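S.K.: Here the structure of chain A is known, so what remains is to put chain B in place on it, guided by the hints.
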Amino acid sequence: MKKIVLLPLVAMLSACTGANGILGSNTVVIEERSNEGKAVDAIVRDESSFNWSDLTKPFNKASNTTQASAKAQAVAELKASDTNFVLYFSYDGTDIGDKATQEIIKHANFMRDNPSVKLRLEGHADERGTREYNLALGENRALSVKEVLGLYEGLDGRIEVISFGEETPIAKAHDESGWEKNRRVEFIYQ
Amino acid sequence: MKLIKLFIVFIALSFGAAQAVLEVTVVKKDENAFPIIVSHFELTGKGAQDKDISKIIQANLERSGRFNVVIPDIIISQNVDAQHWKHQNIEAVVTGNIDQQSEKIYKLSVSLFDVYSNKQLFTKTTRVHVSGFRKVAHQLSDHIYEALLGESGSFNTLLTYVTVTTDAKGNKEYRLNISDSDAMNVKSRIKLKTPILSPVWSPDRSYEHKKIAYVSFENGRSEVFVWHPYTRRKIEKLPRFDGIASAPSWHPDGKSLVLTLSKDGNKDIYSYTLADKKLTQLTHNPSIDTEASYSPDGTQLAFTSNRSGQVQIYIKNLSTGKINRATFEGRYNAKAVFSPDGKSLAMVHRVDNDYRIAMLDIKTKDLSMMTNNELDESPYFSPNGDMIIFATNRNNKNLLSVVSVEGNRSYELSSQTGEVREPNWSTYLEK
Numbered sequence: 000m001k002k003i004v005l006l007p008l009v010a011m012l013s014a015c016t017g018a019n020g021i022l023g024s025n026t027v028v029i030e031e032r033s034n035e036g037k038a039v040d041a042i043v044r045d046e047s048s049f050n051w052s053d054l055t056k057p058f059n060k061a062s063n064t065t066q067a068s069a070k071a072q073a074v075a076e077l078k079a080s081d082t083n084f085v086l087y088f089s090y091d092g093t094d095i096g097d098k099a100t101q102e103i104i105k106h107a108n109f110m111r112d113n114p115s116v117k118l119r120l121e122g123h124a125d126e127r128g129t130r131e132y133n134l135a136l137g138e139n140r141a142l143s144v145k146e147v148l149g150l151y152e153g154l155d156g157r158i159e160v161i162s163f164g165e166e167t168p169i170a171k172a173h174d175e176s177g178w179e180k181n182r183r184v185e186f187i188y189q
Numbered sequence: 000m001k002l003i004k005l006f007i008v009f010i011a012l013s014f015g016a017a018q019a020v021l022e023v024t025v026v027k028k029d030e031n032a033f034p035i036i037v038s039h040f041e042l043t044g045k046g047a048q049d050k051d052i053s054k055i056i057q058a059n060l061e062r063s064g065r066f067n068v069v070i071p072d073i074i075i076s077q078n079v080d081a082q083h084w085k086h087q088n089i090e091a092v093v094t095g096n097i098d099q100q101s102e103k104i105y106k107l108s109v110s111l112f113d114v115y116s117n118k119q120l121f122t123k124t125t126r127v128h129v130s131g132f133r134k135v136a137h138q139l140s141d142h143i144y145e146a147l148l149g150e151s152g153s154f155n156t157l158l159t160y161v162t163v164t165t166d167a168k169g170n171k172e173y174r175l176n177i178s179d180s181d182a183m184n185v186k187s188r189i190k191l192k193t194p195i196l197s198p199v200w201s202p203d204r205s206y207e208h209k210k211i212a213y214v215s216f217e218n219g220r221s222e223v224f225v226w227h228p229y230t231r232r233k234i235e236k237l238p239r240f241d242g243i244a245s246a247p248s249w250h251p252d253g254k255s256l257v258l259t260l261s262k263d264g265n266k267d268i269y270s271y272t273l274a275d276k277k278l279t280q281l282t283h284n285p286s287i288d289t290e291a292s293y294s295p296d297g298t299q300l301a302f303t304s305n306r307s308g309q310v311q312i313y314i315k316n317l318s319t320g321k322i323n324r325a326t327f328e329g330r331y332n333a334k335a336v337f338s339p340d341g342k343s344l345a346m347v348h349r350v351d352n353d354y355r356i357a358m359l360d361i362k363t364k365d366l367s368m369m370t371n372n373e374l375d376e377s378p379y380f381s382p383n384g385d386m387i388i389f390a391t392n393r394n395n396k397n398l399l400s401v402v403s404v405e406g407n408r409s410y411e412l413s414s415q416t417g418e419v420r421e422p423n424w425s426t427y428l429e430k
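Protein chains in written order, with numbering that gives the first Met the number 0: chain A, 0 to 189; chain B, 0 to 430.
Chain B on its own, in the form it takes in the complex:
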């Protein structure tokens, strides 16, 4: 039995803005989804009554499309009757207990039982501060996912996205939001009347170091900002450059970012180191070079360029300096991002008049279509590489869609009150 100490000290965030909570809709699940019982947890102690985090775990597993979650009416005790569930074609059972120990501290015990082997796969016992319940629920979801499927989950992670609402007079409000991977626990502190673009999480795993780089037009032109949402609540502005400053993307070490600048007229890609403000030019071409993205090991840089007369993806080898064209299918391929294993790129690919998400196997150059929509953009991989989140358009409204790389599972995140776009998925958070 492993005791995980979880005293997560969240710096109190007083986000005044009304929360833009997204609606989650599971669209498609795996035909052979794993049948699992996730029982409501037993609650002991007065303060525990509204702390049943089994609901978060149920929603997480269900949303992944890889589980058929069955929620019994009664609370299943931690002594699981394997024979009973075998007859019901259930393969695993999750049970739990939450016991209030002091005003703010709870003891949580969660078990995963494998029906066929008639064995407990794990019991996690943890002390949880009242503010840490959601994080623990996501961590437990990752444990269950990994124990049953043998792969890492992507639950203990964060999203960022932009929402746009239009009032009766036609005035727009743009918000930069952050949320848990389940689109809950939304914080939207940055609210502007001018567009916000391209938010991207820094690769840091701790809340203290996590940052979001984004593009804002609040000063009348596109500029790159870096927001520290959990610590100093600080927003850093990069030095002012003439022309465009846009398309930020982090180096895997989190110390520098690449961005597109047009200070010399050409749109080229530069690396900018936060600590010493050092700027290094990475592309030199009179064409448009933009939307750069590092490979996970930091040795390669994918970017969009129209240097051939068409909009295509190129990869620069950062040790040799050599630039090779990566895409040859179609006349428009843009905004490529590396998969976490570095073997594939997800990108926007034009087919006839439609803009879809496609995935390129970098070695074989095989391009596979991930979507069948008209106007998709901004793809990004989940940290386990299992899914791609992107913005799509339905009935002239932006919403977010998430599809598995095999194409067999998907869900959507939409807003009742406006548009949702520019999604980005963080790396794993510290445990």
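Pulled out of the complex, with its shape left as it was, chain A reads as follows:
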């Protein structure tokens, strides 16, 4: 049994454990990131996600169609349950804030309850700065999310991380109204 201590998120978790009961007998350790002490919390928003999966091959085709449709239904239920499938980040930021952590915890619960689902985390950046740096930044955002999910037993090996950098924006506006929507990590279940 793992001992989990939640450093920056203690207050938030005490508020949400009652509702979700996700901590159980586990305790989560999240290390403080050394990001200049800035409050660069990922913000949570309701946005439809970029449907990259239309363009690329799924990384794991379900062999059993019944199982696949059961998974699809479970994912649909999760979506309907007011869970965010997209998390947003500050400029050049990779930190996961309290609200974003709450959302990640919902996904962790979902994955625990549905052991056959696999998750692809797709990291993205806004168009500012260089394309290659943004590709790296997008991966760091997805890895930040994976790091939180990975604290739960049995999830780590079921998560794939991919970055698309600034290449697939969901918002077209070339100002903060667009950029803030494009700095994101998308949750895509397989």
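No lab work stands behind these hints, which were simulated from the structure alone.
There may be inaccurate statements among the hints.
Taking lysine-lysine pairs in the DSS-like style, the calculated list, with each CA pair at most 27 Å apart, reads [to be verified]: (1) K396(B) to K180(A); (2) K168(B) to K171(A); (3) K50(B) to K430(B).
On the chain B side, residues computed to face chain A include the following (Cβ under 10 Å) [claimed, not checked]: (4) E207; (5) F216; (6) T259; (7) S261; (8) E290; (9) K321; (10) Y331; (11) K364; (12) S367; (13) N371; (14) L374; (15) R420.
From chain B, some residues computed to sit far from chain A (all C-beta separations above 10 Å) [to be verified]: (16) E41; (17) H283; (18) E376.
Predicted, not measured: the structure shown is a model, and the values here were computed from it.
Positions of the beta carbon are idealized from the N, C-alpha and C atoms, including for glycine.
M.R.: Showing chain B alone in chain A's frame:
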């Protein structure tokens, strides 16, 4: 008189794709641009009628911003009347003759005349295969440029760039294009629905060995590929690595490249040798290290890193292994490339909310702003070091811009049908 043998055997390339021809617009020229006549060439023989390559030379010299090209209505003979042109403030005259010798072979004779000294500076006589006219035109442009300005031109070189078009349904098509330095003779064989990034020419001078390394998402994630556009038409994929594989850049010997891999979680820079597939890790840091670029002598490696908490350029000395920070001005400096003389770096530099191209003198640490735009990226030097090509954004559309390092000249390459980005300029081609 020098006879250059030019039997260029191009391997027949049947590029099916419609060509994405760019529009060239000269924006700014040198105030003291060199006044030169480039006459239409005399054409003899039936097949010669559409071979007047003086047009290519005129456009090349004009685009460089260093010449005011005057094109007379009549063809000037090779006996130039110096006094006449002196009165017209013309300083040099280019004349030429193209004579068809057989079905595919032409004899070309081009002269450069200096008005003030009243002397012929050169006459180049060459046999040209019908497929080699453009190359000869670029070589002649380089000869004229060098004879009059005392510096090498960058005409006999190639560009590569990515074009992006969006159809009525919003579907994107990405193409990897190669063209001559004048953006003509476009070949775009690689067409994908997924993004293409960071194409870069290998330093090889022969067509046989020329390669382009690039990043493609065609398999759902960023991977590095190496395309041999002129020979086997082959595309090599590097071994599959977990995580990102991106930001390729060639070693000056053309045998290996550096790239960014995140196979161990961290984004670090590795060297990859094509022949033996040997991977060597060059940076070891938990921060983002990417966008590596070798110095022309291969002894140093510039790269982007956020190890200080800011995005800055660092230079690794490859013999001592020591890494020094190169940029101190501003909070964001990225994607540095060495100038051909190795003394400067061009990079993306953030000023307030704008991303501009800046040039750093490595020794003095002086940083000079090359542009005044909002969203510039992907700078690269012309092979003679005279100009920097980069992608910029206007009316929410990417186009390419080329500025002289002195800032006094510029031109643009834009597409009527879509966006143009990710430019890269080859080294000189074999003569």
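S.K.: Next, verify each hint and record whether it holds.
M.R.: How the hints compare with the structure:
no.	hint	verdict
1	K396(B) to K180(A)	19 Å, holds
2	K168(B) to K171(A)	15 Å, holds
3	K50(B) to K430(B)	21 Å, holds
4	E207	29 Å, violated
5	F216	7 Å, holds
6	T259	7 Å, holds
7	S261	6 Å, holds
8	E290	5 Å, holds
9	K321	23 Å, violated
10	Y331	6 Å, holds
11	K364	21 Å, violated
12	S367	19 Å, violated
13	N371	17 Å, violated
14	L374	7 Å, holds
15	R420	8 Å, holds
16	E41	49 Å, holds
17	H283	16 Å, holds
18	E376	5 Å, violated
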